[in-house]
Amino acid sequence: MSSEHRLFSEDPSQRKLSLPWGRTVEMCWRNLKNRRGRFLLVFLSIAVVVAFFVSTLSYHRLLEELRGRDDVHTRAVLERGGVLSHNPEADRKHRDQMVWLLVLSGMLCFVGVMNTMYMSVTERYREIGTLKCLGALDSFVVRLFLLESVFIGAVGSALGALGGFLLTLFQIGVTLEFGLIGVGHVMRTLAQTAPPAFAGGTALTVLAAIYPTIAAARMKPVDAMRVEV
Amino acid sequence: MSKREIVRTQGVWKTYYMGSEEVHALRGISISVEAGEYISIMGPSGSGKSTFFNMVGGLDKPTSGEVYIDEVDISQLGIYELAWLRCRKIGYIFQTFNLIPVMNALENVSLPMVFAGLGADESRDKAAALLARVGLGDRLTHRPIEMSGGQQQRVAIARALANDPAIILADEPTGNLDLKTGREIIDLLTEMKEERNVTIITATHDHKMLAASDRVIWFTDGQVTRIQNREDLDIRVGTIGGAEEA
Ligand SMILES: Nc1ncnc2c1ncn2[C@@H]1O[C@H](COP(=O)(O)OP(=O)(O)O)[C@@H](O)[C@H]1O
Ligand SMILES: [Mg+2]
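As they're listed, the protein sequences go chains A and B.
Residues in the first sequence are numbered consecutively from 3, following this note's numbering.
Residues in the second sequence are numbered consecutively from 439, following this note's numbering.
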């Protein structure tokens, strides 16, 4: 019997398995496009919280700065808007409440995103099992799903940051007046508040996806394929 | 030409534990399959065909006993080697087709080649050729949802053949298809066996599958109860076929 027919005769170093990055991105994109209904939900929940974060923080920063100004006109506008500070103690309390609200909404969002990400992975168990039958390593599966969550998190957070910007302008326009603060000033404040909110939103989404993804990737192909959703 | 034993199982048991209850899905299966054979595993639903198929395909591990693929005990393979075996040496066909829903026919068939490290153009050309071979040359960009069951199973066959595997494992490939389409799928599998000298192992409870087989292994309740060679089969198949058409 000639050895060239043997399955395992090949040099072990030739036994390569690969999933190039280009393909990974392509597959992710395909998934996002075809499952946009499901992902829209995640996009929205992330975007809403990030927008809330960004606008609340920015508005308070701007407000604090205005309170520091000494001219009569600014004080008049603040007075009219009902946000002129008389009592530093009350202000601090108000700010603590604000922070608490932000943390709470962040947690709620996390649970929501986690749920949706979890569903979006579990409903693809059969697909994951099939991929493994075709030779996918666990790491391929993890890479595909994490890239997907990075994208969802980043786009959702970016939309949220944009929303936060608009909300801040809106808030200023309603309670105060535009003339008081230039758009450039708002932008500078946003440059401080948006990046952390963006990073936080993205990290949250990826974190939510990690557990179900690793659990799915580690499953035996048979178990993954038996799951009926 | 010497005969080569491509699959051999030695006293394979598989026990599932459902709470305190033990289900012995396989009770000591020892069989041997030669390269290039077309084997049908016949048996009623629940007799352990799929379980056995999963053991041979390296998709699950026996509770005890060994599975040798080309004389290598696959329980000794690491995760990477096992994935490589699935990718390069075994092609899987399922009753439910299991195509990736968001990918079109061409992409589905190229996927195993991508994993195997083939370039994008190369894998696309080969996938197109395979799809043409299974009669879907004009359906390359159709997604699974846009194809009939028979067409989806043809895509699955093309995908199973993508990396020129040594073994094709088909678990009830005609289970979700009508009579005529099922026959076409069996014919296609038979042609592939002749053309590519691939070993085919199918699990089925469908008597129509028998005519194509070199051997039929009968399962009952997790055990092999009978092994029939082609010569012994012809008469029986004739009767069954006759009775069916009558
Ligand atoms: N994951 C599982 N957990 C528990 N029992 C199982 C599991 N898979 C299969 N079985 C049992 O093992 C037996 C054989 O099943 P299976 O191999 O699917 O049979 P077949 O494919 O011949 O219909 C059946 O009794 C089935 O209920
Ligand atoms: Mg079965």
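Calculated from the structure, these hints are not laboratory results.
Where a beta carbon is used, it is the ideal one built from N, C-alpha and C, also for glycine.
Wrong hints could be hidden among the right ones.
[Unchecked claim] One side only, chain A facing chain B, incomplete, derived with CB under 7 Å:
{"hint": "1", "residue": "S20"}
{"hint": "2", "residue": "R40"}
{"hint": "3", "residue": "P90"}
{"hint": "4", "residue": "E129"}
{"hint": "5", "residue": "T132"}
{"hint": "6", "residue": "S141"}
{"hint": "7", "residue": "P223"}
[Stated by the list, open to error] With a straight-line cut-off of 16 Å between C-alpha atoms, the simulated EDC-like cross-links for lysine to aspartate or glutamate are:
{"hint": "8", "chain 1": "A", "residue 1": "K222", "chain 2": "B", "residue 2": "E622"}
{"hint": "9", "chain 1": "A", "residue 1": "K18", "chain 2": "B", "residue 2": "E519"}
{"hint": "10", "chain 1": "B", "residue 1": "K441", "chain 2": "B", "residue 2": "D508"}
{"hint": "11", "chain 1": "B", "residue 1": "K499", "chain 2": "A", "residue 2": "D98"}
{"hint": "12", "chain 1": "A", "residue 1": "K222", "chain 2": "A", "residue 2": "D140"}
{"hint": "13", "chain 1": "A", "residue 1": "K222", "chain 2": "B", "residue 2": "D498"}
{"hint": "14", "chain 1": "B", "residue 1": "K441", "chain 2": "B", "residue 2": "E519"}
{"hint": "15", "chain 1": "B", "residue 1": "K646", "chain 2": "B", "residue 2": "E622"}
For each hint, the structure was consulted:
1. S20: 5 Å, holds
2. R40: Where the cut-off is 7 Å and the nearest Cβ of chain B is about 12 Å from R40(A), the hint is violated.
3. P90: At about 57 Å, which exceeds the 7 Å cut-off, the nearest Cβ of chain B leaves the hint on P90(A) violated.
4. E129: 6 Å, holds
5. T132: 5 Å, holds
6. S141: With a minimum Cβ separation of about 10 Å from chain B (threshold 7 Å), the hint on S141(A) is violated.
7. P223: This hint holds: P223(A) lies near chain B, its Cβ roughly 4 Å from the closest one there, short of 7 Å.
8. K222(A) - E622(B): Violated. K222(A) to E622(B) sits at ~32 Å, over the 16 Å cutoff.
9. K18(A) - E519(B): Holds: K18(A) and E519(B) sit about 9 Å apart, inside 16 Å.
10. K441(B) - D508(B): Status holds; Cα separation ~12 Å.
11. K499(B) - D98(A): The hint is violated at about 56 Å.
12. K222(A) - D140(A): Holds. K222(A) to D140(A) sits at ~10 Å (cutoff 16 Å).
13. K222(A) - D498(B): Cα-Cα ~7 Å, so holds.
14. K441(B) - E519(B): Violated, because 25 Å separates the two Cα atoms, which is more than 16 Å.
15. K646(B) - E622(B): 11 Å, holds
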